[in-house]
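What follows is each chain in one-letter form.
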Amino acid sequence: MYPSRFRYEAPRSLDEAVSLLREGGDDAKVLAGGQSLVPLMKLRFASPELIVDINNLPGLDYEKQDADGTIRIGALRRHASLERSELLKSRQPVMAAAAPLIADPIVRNRGTLVGSLCHADPQGDWASVVTALGGQVVAFGPGGRRTIPITGFVSGPFQNALAPDEIAIEAVIPAPKGTPAGGYLKLERRVGDFATVGVAVALEMSGGTVIRAGIALTGVGGSTISAGEAAQALTGGPLSAQSIAQAADLAAGAANPRTDHRGSAEYKRHMVKTFVARILSRADGGATVAERAA
Amino acid sequence: MTIVYDDTSEDTGSVPIRRIKFTINGKKKIAEVEPRLLLSHLIRRGLELTGTHMGCDTTNCGACTVLVDGKPVKSCTMLAVQVDGHEISTVEGLAGQSELHPLQEGFKQEHGLQCGFCTPGMMMAAKALLDENPSPTEDEVRWALSGNLCRCTGYQNIVKSVLWAAEKLRGSAE
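Each protein sequence line maps, in turn, to chains V and Z.
Just so you know, my numbering puts 199 at position 199 of the first sequence, and the rest follows in order with no gaps.
Heads up: take any position in the second sequence, counting from 1, add 1000, and you land on my numbering.
Since the hints were derived computationally from the structure, they do not count as laboratory data.
Since this is a predicted model, take the numbers as computed values, not measurements.
Built from N, CA and C at the ideal position, the CB exists for glycine as well.
Don't take each hint at face value.
Interface residues of chain V toward chain Z, partial, derived using beta-carbon atoms under 8 Å [unchecked claim]:
1) Arg7
2) Tyr8
3) Pro39
4) Asn55
5) Pro105
6) Gln242
My request is simple: use the sequences and hints to build the entire structure.
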């Protein structure tokens, strides 16, 4: 399979990349890891006329921590680097736990977290993890930088809030105010398949109390789902059998799954409930859970 | 190197061609490619290195796995223009002048293949693993190969082959 014919540019600076995108308008696409875009182009689901390959842009392959504990991940940081990141392991264990669950190890050598957020696949894992953590995306365009909360950035299935001449250059994860706990659980038919169901839970604990909670769901709706009511039910109290059951029910209620070849709607909803309860029941004391289930 | 394409475009505009320089299995090359040419096609059709197989063409199976700057990638999911300035290794680069690479020997010793279609991808993924981790556990081998599908072996002998090669490589390093 070949993609349809396109013009290819590999700019050396962000300004150059942005002016190319401005020239290309709606027919231009940014290429980072290419692990979603290239397959889509081969299947002709996407036929951009201009590809702006950002892999040669300097200074976008990083994960770093600000003085206040905010974590920043550059647009060219690959999943494989995040999987091995000591910084994430110690500061954002939920992200460190989720990284090895993305796609398969070979795809992880190319694919990027920021690219995954931009792709906004309802079955994409990172959008859920970043949503649960209350993250943001930094966009760079002709007017400079702007920061977009992830819940507004993912604007629908395969849709993001970027203007045609903007590039997402960084994901931002706010510093936790308490001890981070939670995790990501993913049900998949085999390694590398899209999630049948994925659940991300990010808690911040202080003295046995949940001071912040985020829960987001993968693959059970038209877009990444933020289960706000479920998170709200946990906030301000300790994790108890009762609060866990309530949050699991509310999260299952927030899911809007469809029956398909990966499972029935009822099954997927049930798995949301099971996964939320499973992560929460192990989270007390600051544990992080990550597992693939098949 | 020339690759001839069918002219299927309806417009009469010029075909964008880019000149790239890269290294493959230690040899420096120059190619002129259309940007939509995939790395797998450059390797198989342009360089006639047909050891790299194309299985699914949809980023699932890993048969087309090659190393780019030492890291395994699925060559059906990377544009050939993107290897400009980079180093590629394919299965043809594994063996020396007169001896098989320990991985190739391991696959032979442990019967790590039946039809052999997935084998080049398996070996390249395993090569990257052993370069990074010379003493992997069985579990680590399984995870490292989890992006490569085999429909014949049930994987058991592939895992054994990689562990055999790891042991041999460790022995020769001592």
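How the hints compare with the structure:
Taking 8 Å as the C-beta cut-off, the interface hint given for V/Arg7 holds, the closest approach to chain Z being about 5 Å. Taking 8 Å as the C-beta contact cut-off toward chain Z, the hint placing V/Tyr8 at the interface holds, the least distance being around 3 Å. For V/Pro39, the interface hint holds, the least distance from its beta-carbon to any beta-carbon of chain Z being 5 Å, beneath 8 Å. For the restraint placing V/Asn55 at the interface with chain Z, the shortest Cβ-Cβ distance is roughly 7 Å, inside the 8 Å limit, so the hint holds.
For V/Pro105, the shortest C-beta to C-beta distance to chain Z is roughly 5 Å, which falls under 8 Å, so the interface hint holds. About 38 Å separates the beta-carbon of V/Gln242 from the nearest beta-carbon of chain Z, more than 8 Å, and the hint is not met.
In this structure, the one hint that does not hold is number 6.
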